[in-house]
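K.L.:
One letter stands for each residue in the lines below.
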Amino acid sequence: MTRTHTVWWSLVVLFVFAVEAHAAEPRRVLMLHAFGHAYSPWSDMAASFRAEIIRRSPEPIELYEVSLDTARVQDPKDDGPFVEYIRALLSRRSPDLIVPVGAPAAFFVQRNRSQLFPTTPMLVLGADVRRIPGATRTEYDTGVLLDLDLPAYLTNILQLRPQTTDIAVVVGNSPVERFWTSELRRAFEPFMDRVNITWFNDLTFGEMQERAARMSPQSVIFWFLLSEDAAGVPYSEDRALEAMREVSAVPIFGMGDYQMGRGVVGGPLMQTKVLGQQGADAGLRILKGERPSALNPPSVLFGTPAYDSRELRRWGISEARLPPGSIVLFRQPTIWEQYRWAIIAIAGIILLQSILISYVLLQSRRRREAEAEAVLRRREVEHLTRVSVLGELSGSIAHEINQPLTAILSNAQAALHLLAQKAPDLAEVRDALEDIVHEDNRAGEVIRRLRNLLKKGERTAESVKLNDLINSTVGLLNSELIRRDINVKLELADNLPVTSGDPIQLQQVLLNLVMNAMDAMGKTPIAERSIVISTRGKPTASVDVLVKDRGHGIPALANGHLFEPFYTTKEHGLGLGLTICSTIIQAHGGKLTLVNDQNGGAIAGFSLPVQETAARVM
Amino acid sequence: MDKFTVYLVDDDAGVLKALSRLLRAKGYEVKPYSSPREFLKQHDPAVPGCAVLDVSMPGLDGLELQQALTAGSSHRPVVFITGKGDVPTSVRAMKAGAIDFLTKPTKDTDLLEAIRRAESREAEARQRLSELEAIQAKLRTLTPREREVLTHVVAGRLNKQIAGDLGTVEKTIKVHRSRMMEKMGLRTVADLVRMAEKAQIGPYWTNGQLDGRPIPPP
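Residue numbers (the numbering used here), protein chains in the order written: chain A, 1 to 618; chain B, 1 to 218.
These aren't lab readings, by the way, just hints derived from the structure by calculation.
Check before you lean on any hint, since a few could be wrong.
Here are the computed distance ranges between Cβ atoms for each label pair [stated by the list, open to error]:
1. B:Pro58 <-> A:Leu433: 45 to 53 Å
2. B:Val47 <-> A:Leu433: 29 to 37 Å
3. B:Glu113 <-> A:Glu380: 46 to 54 Å
Calculated pairs, DSSO-like style, for lysine-lysine (alpha carbon to alpha carbon, straight line, at most 27 Å) [what the hints assert, rightly or not]:
4. B:Lys26 <-> A:Lys422
5. A:Lys422 <-> B:Lys31
6. A:Lys422 <-> B:Lys3
7. B:Lys138 <-> B:Lys171
8. B:Lys171 <-> A:Lys422
9. B:Lys84 <-> A:Lys489
10. A:Lys548 <-> A:Lys591
Quick partial rundown of chain A residues pointing at chain B, CB under 8 Å, derived from the structure [claimed, not checked]:
11. Gly395
12. Leu409
13. Ala414
Note that CB positions come from ideal geometry on N, CA and C, so glycine has one too.
Please put together the full structure from these sequences, using the hints given.
P.N.:
Set out below in structure tokens:
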């Protein structure tokens, strides 16, 4: 095997000088690594020991490290060159302390003690007590050893995952691992009736991964040790554990603290750091001159069970299942813990903004409601003023209907009388009947106009021919004009452009303006009472309507108040007429004006924009 | 003599036409006018007939028209028709001598009845007028002295007293009196007094003036 021949030698010599003691003789420590110096867990123990002893030693420590690879080779015949090498390395400066890391290294020293500084104290680090029984130790030997409680591993697994039916044990195939396989088999014997235990020691790592990926949900992996798989491929630094975790379908439980953070769930763990520290402790005492055999340090047991929070969450293991007093590592701070103040501040700002936005929305809704109500009110007031105007005119309007009724009655009676004659004039009877039809239409027309004005409805926008509207309005006022001895003159422009608007509202404005004109002429001599209504169109711009009277005009005091609500110059006026007219005309995009005529009386007028459609013909 | 004519004045063409048709169907001669002024202009008081006037008309309303009619020599009976028959207007109209005050729509019976009354009133008035005209014609044949004697006789004075009043002798008075009675076609003083009453010649009517003014109806 090439691998066994390619023994690589590693020598790390560290000169560490304490600042105050550069003249002092350094203490030489020889560390012997059973594997390469980068194999967990030994490398972890060694690192801890190394750091600790250097840190705490009063004298400078001169550290020699030699990798033996014996754990994998394990053939005493191959010891020779290593021994020669070490002797050569330390021929002029004999070491003060020999520290084999792991049982194989200890075995190597024990085999070759006679050639390797037989009286130099040896401190065995990290071997299990089962491997180094007290009988094998000389008076120069001592050890900081492990006492692994193997069944505790499975107990832990079954406590965390009671549903577990299968446990696959990852263990390698090097001599030291073969030892542990048999130890584990013995220790796990009592669990065999509860779980199936599968052993991966005769698989290559690739095969282990394949198996792990296909395992049932009730299974777990117990990762004990993998330094070399069945194919003899070495695995260092537990990269294999991380690779396994990538593919494994089930949780992986480990054996030592050095595996924490690499994908194991956790539990009672071998304590490499503590071991290193206690090793350094013992080493320092030996360097101070204490007799090794007198030290007799206690074995290092499992520490407080520790768990990886990420793995617990990943596999859905509740923290309630952990033994009391467990340590949970790698707990990821929640977003709340991490950003508490930022979250509070942002939430506060959002809350504040929400309140502001709600307030603004509420305000705008209130405003909309108020506007809607105002529109409703205005419509009602418009309607009420129309009704009240018509109320004022009721007598005259009754007369307007009475006239056709009179004509109808008389025509009908005339027809009856004609028919009663011996030789009835049928042509005359026909005329009478035709007149009845005509007069009936006339009465109907009055009622239709009335109903239109009394209508209460939405504002509409349709084509309006103002001349027609004026004729209709004057028709409605006919009797009233006669009653008040007022002469109306219409000067309506031909081909007046069509405007757009609500005919009822516009008629209301006309009615109001004409009524105002009529009211203004109460004291005008009868001969002078006249109203002139004129229209004028500017084809592309607007249509003007003017209502001119010969009344008392606008009192100087009233100027500027005319369009204010509840301002009136009339004895029984409400003061709403012109306000409403102005509002209506404005809503139609026009303007209502009221000025005194130079020749006496007042001129009320408004102009409306011409409808934009092509319909310009009357 | 002309036929009895109904003068119809209403500014509403439809009503005017309908009423004309009705009255014509009942055999009346109808002259419709839609303008009161036009009517006044063309009115001939000599033609017998009555006026049916609308109260509410532009320019000149019914009551004003009635006044204008009676202000002249016309004694034309007037029937009012109105759309709004308010009490004050009707009282004014009736006081001014209207035959009737009818509200529109007017029943034909009411209207025809009113016209018939107007017709008879008209006939009476005409009768009285012709009698008066005959008396006045006779009075015009008297000399001033005979007229003076007439008023004194009507006043119940004796011949001797009259002679004293007028500063002459009884014999002269007797001659005047017999000529006067002859011209008037009367035989007794009682007849004379009755005639004087009709002609409204009383004892206080002393200036001998008689201008033929029509006697207002009693």
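K.L.:
Are the hints correct? Go through all of them and say.
P.N.:
Results for each hint:
Look at Pro58 (chain B) against Leu433 (chain A): about 29 Å separates their beta carbons, and that is not inside 45 to 53 Å. Here the CB-CB span from Val47 (chain B) to Leu433 (chain A) is close to 32 Å, well matched to the stated 29 to 37 Å. Under the hint 46 to 54 Å, the C-beta atoms of Glu113 (chain B) and Glu380 (chain A), about 51 Å apart, fit the expected range. Of the pairs offered as hints, the one joining Lys26 (chain B) and Lys422 (chain A) holds, with about 13 Å between alpha carbons and a cut-off of 27 Å not exceeded.
Straight-line distance between C-alpha atoms of Lys422 (chain A) and Lys31 (chain B) comes to about 25 Å, which keeps the hinted pair within the 27 Å bound. Taken as a hint, the Lys422 (chain A) and Lys3 (chain B) pair is honoured in the structure, with Cα atoms around 23 Å apart against an allowance of 27 Å. Distance check on the hinted pair: Lys138 (chain B) and Lys171 (chain B) sit about 24 Å apart at the alpha-carbon level, within 27 Å; holds. About 71 Å separates the Cα atoms of Lys171 (chain B) and Lys422 (chain A), which puts this hinted pair outside 27 Å; it is violated.
Proximity of Lys84 (chain B) to Lys489 (chain A) is assessed by CA-CA distance (about 25 Å); at most 27 Å being required, the pair is judged to hold. Distance restraint check for Lys548 (chain A) and Lys591 (chain A): the Cα-Cα separation of roughly 17 Å lies within the 27 Å cut-off, and the hinted pair is therefore satisfied. Taking 8 Å as the C-beta contact cut-off toward chain B, the hint placing Gly395 (chain A) at the interface holds, the least distance being around 6 Å. Interface restraint check: Leu409 (chain A) against chain B, minimum CB-CB distance 4 Å, threshold 8 Å, status holds.
Look at Ala414 (chain A): its Cβ gets to within about 4 Å of chain B, closer than 8 Å, so that hint holds up.
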